[in-house]
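First to last, the sequence lines map onto chains A and B.
Per this note's numbering, residue 1 is the first one in the first sequence, and the count goes up by one each step.
Per this note's numbering, residue 1 is the first one in the second sequence, and the count goes up by one each step.
Hints are computed from structural coordinates only; laboratory data are not their basis.
A couple of the hints might just be wrong.
As a list, the in silico SDA-like pairs of lysine to any residue whose alpha-carbon atoms are at most 25 Å apart [unchecked claim]:
no., chain 1, residue 1, chain 2, residue 2
1, A, LYS56, A, PRO118
2, A, LYS56, B, GLY38
3, A, LYS56, B, HIS67
4, A, LYS56, B, PRO37
5, A, LYS56, B, PHE97
6, A, LYS56, B, ASP163
7, A, LYS56, A, ALA46
Label-pair restraints from in silico Cβ distances [claimed, not checked]:
no., chain 1, residue 1, chain 2, residue 2, range
8, B, ARG33, A, ARG198, 15 to 25 Å
9, B, ALA22, A, LEU229, 22 to 32 Å
10, B, ARG30, A, THR79, 47 to 57 Å
11, B, PRO201, A, VAL193, 15 to 25 Å
12, A, ARG198, B, LEU176, 45 to 55 Å
13, A, LEU162, B, ARG198, 41 to 51 Å
14, A, ALA230, B, GLY202, 53 to 63 Å
15, B, GLU167, A, LEU129, 31 to 41 Å
16, A, GLY226, B, ALA18, 17 to 27 Å
17, B, ALA39, A, ARG236, 48 to 58 Å
18, A, HIS202, B, PRO201, 20 to 30 Å
A virtual CB, placed ideally from N, CA and C, is assigned to each residue, including glycine.
Here's the letter readout for the chains.
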Amino acid sequence: MTSALLPEDPRARLAMALVLAFGFAAVERAQTVPMLLTTAALIAIAAGTPTRTLRKLRGPLVLAAAFLVVMPLVAGPTTLWRAGPLRLRAEGLEAGLLLAGRLLAIVTVTLALLSTLPPHRLAAALRGLGAPALVADLMLLTLRYATEFREEMLRARLARRLRGGRRGWRDVGGHAATLAAALIRGQRRAEAVWTAMRLRGHASTLVAPTSALRPRDVGGVACAVGLALAAVALDRLA
Amino acid sequence: MHLPDGLAPVGLAAAGYAGGAALLGLSLARIARLPDPGAAMPRAAMLTAVFFAASAIAVPAPPTTVHPMLAGLMGVMLGWFAVPAIFVGLFLQAVLFGHGGLTTLGLNGLILAPPALVAWATWRALGRRAPTLAAGVAGAGGVVLALAIFAGFVLIGLPAAVDAAAERAALGVFVLAHLPLVVGEGVLVAVVLRVLERVEPGLLPGA
């Protein structure tokens, strides 16, 4: 998906995500968290995918809620409120807000900037930023085989059930046999695909983008550096 | 079992990237010495897809999530290729699903890749004499070692104000929650290798 406000080049997007993620991770005070969340929300809106990003945030939201519930009960000496054996502590509340805020802001930025990129452009971004050719190849093939492996697993699982195999996680041996069967079938197809790719002259250097970054891409990265520095400065100076 | 973004202090996350890059560099150098480094690529990509899919099945268990790790299986099946495979799988999970983390990518790689290499070493040492036992030990040992490294990182990463007793109790519960996984992954690796031996010996590690 394209965005009128964010860089098009996948290298710029990956660099932006890394700079913002590490900048946000450097924040140490809960008071800075609203700024992080606002920035992350604006980036998700600029990417044009706020609903999609929000849908993918379900897992991190549960984890963030757990930080918010657990940390105030286990961290710090200053009691804010007491109910029987439970003590709500000020330091824990701040730590919980900080951990939850950093988590949600970083994941939001990552998903908004990168999850909308097509897989081959993501591999190109890694290659363009200096990742080894083998890693870029492995990523492309993994994404290609992931769908095939899923289909092989569904087939193997159906065959197992038709033979009377048990459901549920207790039958680890049965699941392992299903996995092995899917691996064998998937591997044969994967070998054929890889051989064909090599015969056609596939080389991962073809994947790497060679064009220079455009002003809009450079501007995006500069903006990310500025936002990350502003977050850290606000955190340390306030 | 991944460290999420936001939990690790930025210094620890950066150290994780440095350590992860060193391990990745070492593994790529060892792979480059192979007669045909690309020959194992389909197997590595297929198992990365398995790892990617299995780890995406996540149940939140604060401060992290519980799901199959497959470090032992990756190590036994891929050897040095397990390291790039694990890093690629973790990167895809972080950027496509928000699972794990972008800042904690290095640390998460260090949680899973060394256990995979230890599982591979275990298989190489014992696999010919007692294949089922070696596979079981490699699978189960991979989980145990990953748990130990994970616990170490969590202890370093959590705020200093956290009550030490509560921290120990939480880690105890977390380790207990993963014990079935220790047994399960041991059985999984043993069964997968036995099926491969009978049906497709060419896929066995070292074949």
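Evaluated hints:
For the suggested pair LYS56/A and PRO118/A, the alpha carbons sit about 17 Å apart, so the restraint of at most 25 Å is met. Between LYS56/A and GLY38/B the alpha-carbon distance is near 34 Å, which puts this suggested pair outside the 25 Å criterion. Between the alpha carbons of LYS56/A and HIS67/B the distance comes to roughly 18 Å, so the proposed pair stays at or under 25 Å and holds. Between LYS56/A and PRO37/B the alpha-carbon distance is near 36 Å, which puts this suggested pair outside the 25 Å criterion.
A C-alpha spacing of about 6 Å is found between LYS56/A and PHE97/B, which places the hinted pair at or below 25 Å, so the restraint holds. Of the supplied pair hints, the one linking LYS56/A and ASP163/B is violated, its CA atoms being roughly 32 Å apart against a limit of 25 Å. For a cut-off of 25 Å, the pair hint linking LYS56/A to ALA46/A stands: about 17 Å separates their Cα positions. Under the hint 15 to 25 Å, the C-beta atoms of ARG33/B and ARG198/A, about 20 Å apart, fit the expected range.
The given range of 22 to 32 Å is respected by ALA22/B and LEU229/A, whose C-beta atoms sit roughly 28 Å from each other. Hint check: ARG30/B to THR79/A, Cβ distance near 55 Å, so the stated range 47 to 57 Å holds. A hinted range of 15 to 25 Å holds for the C-beta pair PRO201/B and VAL193/A, which are about 22 Å apart. Range check, ARG198/A to LEU176/B: Cβ separation about 48 Å, and the 45 to 55 Å hint holds.
Separation of LEU162/A from ARG198/B is about 21 Å and departs from the stated range, judged on CB atoms against 41 to 51 Å. At about 57 Å, the beta-carbon gap between ALA230/A and GLY202/B stays in the expected band of 53 to 63 Å. For GLU167/B and LEU129/A, the hinted distance range of 31 to 41 Å is satisfied, since their beta carbons lie about 37 Å from each other. The hinted range of 17 to 27 Å is satisfied by GLY226/A and ALA18/B, whose Cβ atoms lie roughly 25 Å apart.
Take ALA39/B and ARG236/A: their Cβ atoms lie about 52 Å apart, and the range 48 to 58 Å holds. Between HIS202/A and PRO201/B the beta carbons are some 28 Å apart, a value that agrees with the proposed interval 20 to 30 Å.
Hints 2, 4, 6, 13 from the list above are not met by this structure, while the remaining hints are.
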